[in-house]
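A.B. asks: If you're matching positions, the sequence shown starts at 95 in my numbering and goes up one per residue.
Hints are computed from structural coordinates only; laboratory data are not their basis.
Mixed in with the good hints there might be a few duds.
Simulated restraints, written as ranges between beta carbons of each label pair [unchecked claim]:
| no. | residue 1 | residue 2 | range |
| --- | --- | --- | --- |
| 1 | Asp-105 | Ile-214 | 34 to 42 Å |
| 2 | Asp-124 | Ile-214 | 39 to 47 Å |
| 3 | Ser-153 | Asp-105 | 19 to 27 Å |
| 4 | Asp-110 | Asn-253 | 32 to 40 Å |
| 5 | Gln-218 | Ser-130 | 31 to 39 Å |
| 6 | Met-115 | Asp-254 | 35 to 43 Å |
| 7 | Tyr-169 | Asp-124 | 19 to 27 Å |
| 8 | Asp-110 | Ala-209 | 16 to 24 Å |
| 9 | Ala-246 | Gly-172 | 31 to 39 Å |
| 10 | Asn-177 | Lys-205 | 17 to 25 Å |
| 11 | Phe-121 | Arg-183 | 29 to 37 Å |
| 12 | Thr-195 | Tyr-169 | 14 to 22 Å |
Capping the alpha-carbon separation at 30 Å, the derived lysine-lysine pairs in DSSO-like fashion look like this [said to hold, decoys possible]:
| no. | residue 1 | residue 2 |
| --- | --- | --- |
| 13 | Lys-241 | Lys-108 |
| 14 | Lys-198 | Lys-120 |
| 15 | Lys-241 | Lys-205 |
| 16 | Lys-157 | Lys-120 |
| 17 | Lys-179 | Lys-198 |
| 18 | Lys-230 | Lys-205 |
| 19 | Lys-210 | Lys-157 |
| 20 | Lys-210 | Lys-224 |
| 21 | Lys-204 | Lys-157 |
| 22 | Lys-133 | Lys-205 |
| 23 | Lys-198 | Lys-230 |
| 24 | Lys-210 | Lys-241 |
| 25 | Lys-241 | Lys-224 |
| 26 | Lys-198 | Lys-108 |
| 27 | Lys-210 | Lys-108 |
| 28 | Lys-241 | Lys-198 |
| 29 | Lys-179 | Lys-133 |
| 30 | Lys-210 | Lys-230 |
| 31 | Lys-179 | Lys-226 |
| 32 | Lys-205 | Lys-224 |
| 33 | Lys-226 | Lys-198 |
Just so we're clear, the structure is a prediction, and the values are computed from it rather than from any experiment.
C-beta: ideal position from N, C-alpha, C; glycine also.
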Amino acid sequence: NIYLLQEVYLDLIKSDYMEIMGIQFKFSDDIWDFSSLAKDGRDPRGLYYSFTGNDVILSSSHKDLLKLFIMYLIYQYGIYRSNNKHNFRVARSFLNYLQNTLNKDLFSVKKEDVAKFLVINNPQYNTEIKNKQSLKAFFEFTSLISKNIMTADMLQYLNDCDRTMVKSINEQ
Numbered sequence: 095n096i097y098l099l100q101e102v103y104l105d106l107i108k109s110d111y112m113e114i115m116g117i118q119f120k121f122s123d124d125i126w127d128f129s130s131l132a133k134d135g136r137d138p139r140g141l142y143y144s145f146t147g148n149d150v151i152l153s154s155s156h157k158d159l160l161k162l163f164i165m166y167l168i169y170q171y172g173i174y175r176s177n178n179k180h181n182f183r184v185a186r187s188f189l190n191y192l193q194n195t196l197n198k199d200l201f202s203v204k205k206e207d208v209a210k211f212l213v214i215n216n217p218q219y220n221t222e223i224k225n226k227q228s229l230k231a232f233f234e235f236t237s238l239i240s241k242n243i244m245t246a247d248m249l250q251y252l253n254d255c256d257r258t259m260v261k262s263i264n265e266q
């Protein structure tokens with residue numbers, strides 16, 4: 095189970111029934127589908143969140159934490175922010191890797207676990223930087239509602255990027 099410091103997030107889990115922009119769903123659902131809200135010309139898959147699947151098996155506590163993260167992103171930045179989906183994918187993939195490859199819980203994660211995940215999943219430098227930012231956002235959120243999981247060396251690692259190199263890669 096997740097130890098939540100913020101009572102409001104625990105209340106979200108307990109209430110189960112949710113509504114965002116007229117779409118009703120349950121917090122406990124494994125799929126949150128907001129694709130009917132897609133604007134003309136926008137890909138509706140960016141508004142579809144699946145918390146399980148053939149390649150994703152998460153514990154209920156990791157799944158709840160991921161759902162709370164998505165709720166936070168939607169309420170903080172709006173449902174149409176494209177980065178929400180990227181952050182979701184990276185966090186879901188990392189939790190799956192942590193749980194099913196390393197047999198670890200999120201609260202025992204080390205900088206080396208993060209570095210290995212990024213190397214395995216992100217061969218391109220600019221993708222690695224974007225994924226570092228997504229993991230940092232997820233870890234900051236987790237630390238906000240639960241206990242701090244980000245050590246000083248992990249924060250330094252996640253912040254370490256050469257923006258000039260990213261820009262030159264993107265210009266090629």
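A.B. asks: Hint by hint, note whether the structure agrees.
C.D. replies: Comparing the hints with the structure gives:
1. Asp-105 x Ile-214: 34 to 42 Å: Holds: the Cβ-Cβ distance is about 37 Å, inside 34 to 42 Å.
2. Asp-124 x Ile-214: 39 to 47 Å: Given about 25 Å between the Cβ atoms, the range is violated.
3. Ser-153 x Asp-105: 19 to 27 Å: Since the Cβ atoms of Ser-153 and Asp-105 sit about 21 Å apart, the hinted range of 19 to 27 Å holds.
4. Asp-110 x Asn-253: 32 to 40 Å: holds (37 Å)
5. Gln-218 x Ser-130: 31 to 39 Å: holds (33 Å)
6. Met-115 x Asp-254: 35 to 43 Å: With a Cβ separation near 37 Å, Met-115 and Asp-254 satisfy 35 to 43 Å, so the hint holds.
7. Tyr-169 x Asp-124: 19 to 27 Å: holds (21 Å)
8. Asp-110 x Ala-209: 16 to 24 Å: violated (37 Å)
9. Ala-246 x Gly-172: 31 to 39 Å: The hint (31 to 39 Å, Cβ to Cβ) holds, given that Ala-246 and Gly-172 are roughly 32 Å apart.
10. Asn-177 x Lys-205: 17 to 25 Å: Check passed, 23 Å falls within 17 to 25 Å.
11. Phe-121 x Arg-183: 29 to 37 Å: violated (20 Å)
12. Thr-195 x Tyr-169: 14 to 22 Å: The hinted range 14 to 22 Å is violated for Thr-195 and Tyr-169, with Cβ atoms some 31 Å apart.
13. Lys-241 x Lys-108: holds (20 Å)
14. Lys-198 x Lys-120: Roughly 28 Å between the alpha carbons, so the hint for Lys-198 and Lys-120 holds.
15. Lys-241 x Lys-205: holds (16 Å)
16. Lys-157 x Lys-120: holds (13 Å)
17. Lys-179 x Lys-198: holds (24 Å)
18. Lys-230 x Lys-205: Holds. Lys-230 to Lys-205 sits at ~11 Å (cutoff 30 Å).
19. Lys-210 x Lys-157: holds (22 Å)
20. Lys-210 x Lys-224: Distance ~16 Å between Lys-210 and Lys-224 Cα, so the pair holds.
21. Lys-204 x Lys-157: holds (20 Å)
22. Lys-133 x Lys-205: Measuring from Cα to Cα gives roughly 39 Å; hence the hint is violated.
23. Lys-198 x Lys-230: Given that 30 Å is the threshold and the Cα spacing comes to 18 Å, the pair holds.
24. Lys-210 x Lys-241: Since the Cα atoms of Lys-210 and Lys-241 sit roughly 23 Å apart, the hinted pair holds (cutoff 30 Å).
25. Lys-241 x Lys-224: holds (24 Å)
26. Lys-198 x Lys-108: holds (26 Å)
27. Lys-210 x Lys-108: Judged against 30 Å, a Cα distance of about 35 Å means the pair is violated.
28. Lys-241 x Lys-198: Satisfied, since the Cα-Cα distance of roughly 16 Å is no more than 30 Å.
29. Lys-179 x Lys-133: holds (16 Å)
30. Lys-210 x Lys-230: Given pair Lys-210, Lys-230 holds - Cα atoms ~15 Å apart, limit 30 Å.
31. Lys-179 x Lys-226: holds (15 Å)
32. Lys-205 x Lys-224: Given pair Lys-205, Lys-224 holds - Cα atoms ~17 Å apart, limit 30 Å.
33. Lys-226 x Lys-198: The given pair, whose Cα atoms are some 19 Å apart, holds under the 30 Å limit.
Checked against the numbered hints given earlier, the structure breaks hints 2, 8, 11, 12, 22, 27 and satisfies all the rest.
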